[in-house]
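Whenever a hint applies, use it, and build me the whole structure from the sequences.
What follows is the residue order along each chain.
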Amino acid sequence: METDPRDPGRAADVRERAVIDRSAREVVLLWYGSSVFWLLLGSMLALVTSIKLHTPGFLADWEWLTFGRVRPAHLNTVIYGWASMSGVGTLLWLMARLCKIRLPWREGLILAGIYWNAMVAIGTFQILVGNGTSIEWLEFPWWVSIPLGVVFLVLIALTVKMLRTRREKHLYVSQWYLFGATIWFPFLYVAATVLIHSPAATGVAKATANWWFAHNVLGLWLTPIGLASAYYFIPKVLGRPIHSYYLSIIGFWSLALFYNWAGTHHLIGGPLPAWLVTVGTVGSMMMFVPVITVAVNHHLTMAGHFSKMRFSPTLRFIVFGAMSYTVVSVQGSLTALRMVNEVGHFTHYTIAHAHLGVYSFYSMIAFGSMYYVMPRLVEREWVSSRLIKIHFWACAVGMIMYWVGLSFGGWIQGLMMNNPDVPFMDVVQRMIPYLWSRSIAGTLMTIGHVSFAILVWKMIRREGAWLVEPTLFVTRKDAREAANASHLPAPATGGHAS
Amino acid sequence: MNRVSLIALGVLATVIASLFGLVLIPNFQLESMGPRSIQQPDGSTAVYPAELDSYLEAPGREVYRDLGCVYCHSQQVRPEGFGADIERGWGARRSVPRDYVLQSPPFMGTMRTGPDLANIADRQPSQEWHYLHLYDPRITSPGSVMPSFKFLFDTTVGEAPRAPLGFPMIPLPETYVDEPTWIVPTERGRALIAYLGTLRQPFEMEEVQ
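Line by line, the protein sequences are chains A and B.
Using full-length UniProt numbering, the first residue of the first sequence is number 1, and each one after it goes up by one.
Using full-length UniProt numbering, the first residue of the second sequence is number 1, and each one after it goes up by one.
Keep in mind that the hints were calculated from the coordinates and are not lab data.
The model shown is predicted, which means the values in this text are computed figures rather than measured ones.
Note that beta-carbon positions come from the ideal geometry of N, C-alpha and C, so glycine has one too.
Warning: the hint list may mix true and false statements.
[As the list claims (entries may be wrong)] So the derived list for chain B, only partly shown, Cβ under 8 Å to chain A, looks like this:
{"#": "1", "residue": "Gly10"}
{"#": "2", "residue": "Thr14"}
{"#": "3", "residue": "Leu19"}
{"#": "4", "residue": "Val23"}
{"#": "5", "residue": "Leu30"}
{"#": "6", "residue": "Pro79"}
{"#": "7", "residue": "Met111"}
{"#": "8", "residue": "Pro115"}
{"#": "9", "residue": "Pro147"}
{"#": "10", "residue": "Lys150"}
{"#": "11", "residue": "Val208"}
Structure below.
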């Protein structure tokens, strides 16, 4: 929003926002800070996992670091540590801002954060000592996952309370998504854990419960938070409203209706009743509806303003993420087609796809959100725009390399496996260069994460300059000149006010 | 009813619908399915699938879970005309729901860094092969990227050890070691290989529509 701090009405708004931000400070910093810790640990585990796949002798003698344990340890730390904790941080801040109220229950939320950290730590430890469940995305023992899901009752109660006491009557689409996410996640997590660990479901129904859950962790937990953030920050940074309110509501309900049903496409060709696989494929195709509505809406909001990505770190990360959302969703729907699935299933192609979702889409948006939120919480600036640049380029280039290498490699792997004349060992050997490319890509991404962690550390220690205007990639003057040259208003990334 | 309760209701309704559709209804459809007795060509009857024994096979399945073999190996054979699972000799027929009725949870897997193991008991009956392979896959399969599981063995160099009753003692190939070396699996190693010995999906089985 274009703000003139001298306008008295605006000045009151500025003060009000500062009060809300201050109320969220400790809580959100705790969830954010913890998420960055898990991001670093998750990246280390990822590198170990990746290297083991082309150099099996690496750290091979330690049972607790065997491939089949570090791989799930990586997945669970990044999903429940990094992605979920950064998501909750953004969720709390956005809810307070959009409801225009101070964040309630601060002590409780700090306790919940500590509890969440403890549970993720215990769960990861249990995987490494051999008590993981070997059920993908649900590897924590049930006595860790149930308490993790149950603590969400606090978040549901909190969001309900915030929505009921909100001072801004209009419900923005971000609030819909966030509220949906807080209800969906605990329901999924607890229901899936109970069904899989109790006799309530038997045989292959446990496998469908597994994929109903695993697909929806992305679809009904991380996706809504990512979209809520994109819906908030893109218009905020650009200083113009979202293109269409109605499209955003259609996008929300079609996501709620269709995403749920797509999970069984992970089991195509498997030993299921035939109709179940058909349902999964239809659900995947219907996903074109929410995806296209969101893509159109964001694109039309951005149209004519893409040049602002040069200046604003928040915008750059979030637009990268929002574009990845379109790509990953289209790819996901296509993967449910039999002829694509026949080749891509059981290969690294799927792994590439999963990272396009959780990393390229969700995590890039989470980074962008944190670049916006943290300075407003701490009232200090990011210490270095160079480190932000390193962060962006290392992660963006790393991610693209990751995706291209493994998608391509995985496709070849699938074609070779589907040709019975090719000995299996040839497939194994053929994959090695692609697996190396993944380790290099992963190293790049880890470099990005370390830069980010340094920035966050210095931010929390308040080493930045007092917040006067946001850190941009170029100086304010360059930006203004560039903007004048293209007849655009000066970058409206906003000062403290927005 | 206000806006907030309306959203909450809609959100819950959609996810509950899919829980029914994708998990509870299929479970209802398959629940009554259990092991079946089958007349074999020689006149005897076999029960399929059979329970794992609680002495070695069931603990072996726990080792399979604990070491995360599922992240590289699937246990499901796709139908003819969809992939080349049957042509590769990974099974004589596609896998069907009945194959999994006793497995809690089934390790169907989603990744094939290594070959499918649904029928490994028939494909590789040699225990000795399995022990050497598990100790270091490069012994039996040069170029393999499967991790070695040396921690599932006791190793003795020089003189042949005395293995406890029922535990095999296997010499490592001379090309692999300088001095004569023997390996004896630990309890867990032996259990794991016993479990692999149960992995087969035999007989003609009906598909479920």
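Hints and how they fare:
Checking B:Gly10 against chain A: minimum C-beta separation of about 7 Å stays under 8 Å; hint holds. For B:Thr14, the interface hint holds, since its Cβ comes within 8 Å of a Cβ in chain A; the closest pair sits about 4 Å apart. Taking 8 Å as the C-beta contact cut-off toward chain A, the hint placing B:Leu19 at the interface holds, the least distance being around 6 Å. This hint holds: B:Val23 has a C-beta 5 Å from the nearest C-beta of chain A, less than the 8 Å allowed.
A distance limit of 8 Å between C-beta atoms decides the matter here; for B:Leu30 the minimum to chain A is near 6 Å, and the interface restraint holds. Satisfaction of the interface hint for B:Pro79 is found here, the shortest Cβ-Cβ separation to chain A being roughly 7 Å, below the 8 Å cut-off. For B:Met111, the interface hint holds, the least distance from its beta-carbon to any beta-carbon of chain A being 6 Å, beneath 8 Å. Given hint, B:Pro115 at the interface with chain A, holds; its Cβ is 6 Å from that chain's nearest Cβ, closer than 8 Å.
Annotation: interface hint on B:Pro147 holds; nearest CB of chain A at approximately 5 Å, less than 8 Å. Annotation: B:Lys150 was flagged as interfacial toward chain A, and the flag holds, the nearest CB pair being 6 Å apart, inside 8 Å. Given hint, B:Val208 at the interface with chain A, holds; its Cβ is 4 Å from that chain's nearest Cβ, closer than 8 Å.
This entry satisfies every hint, going by the numbered hints stated previously.
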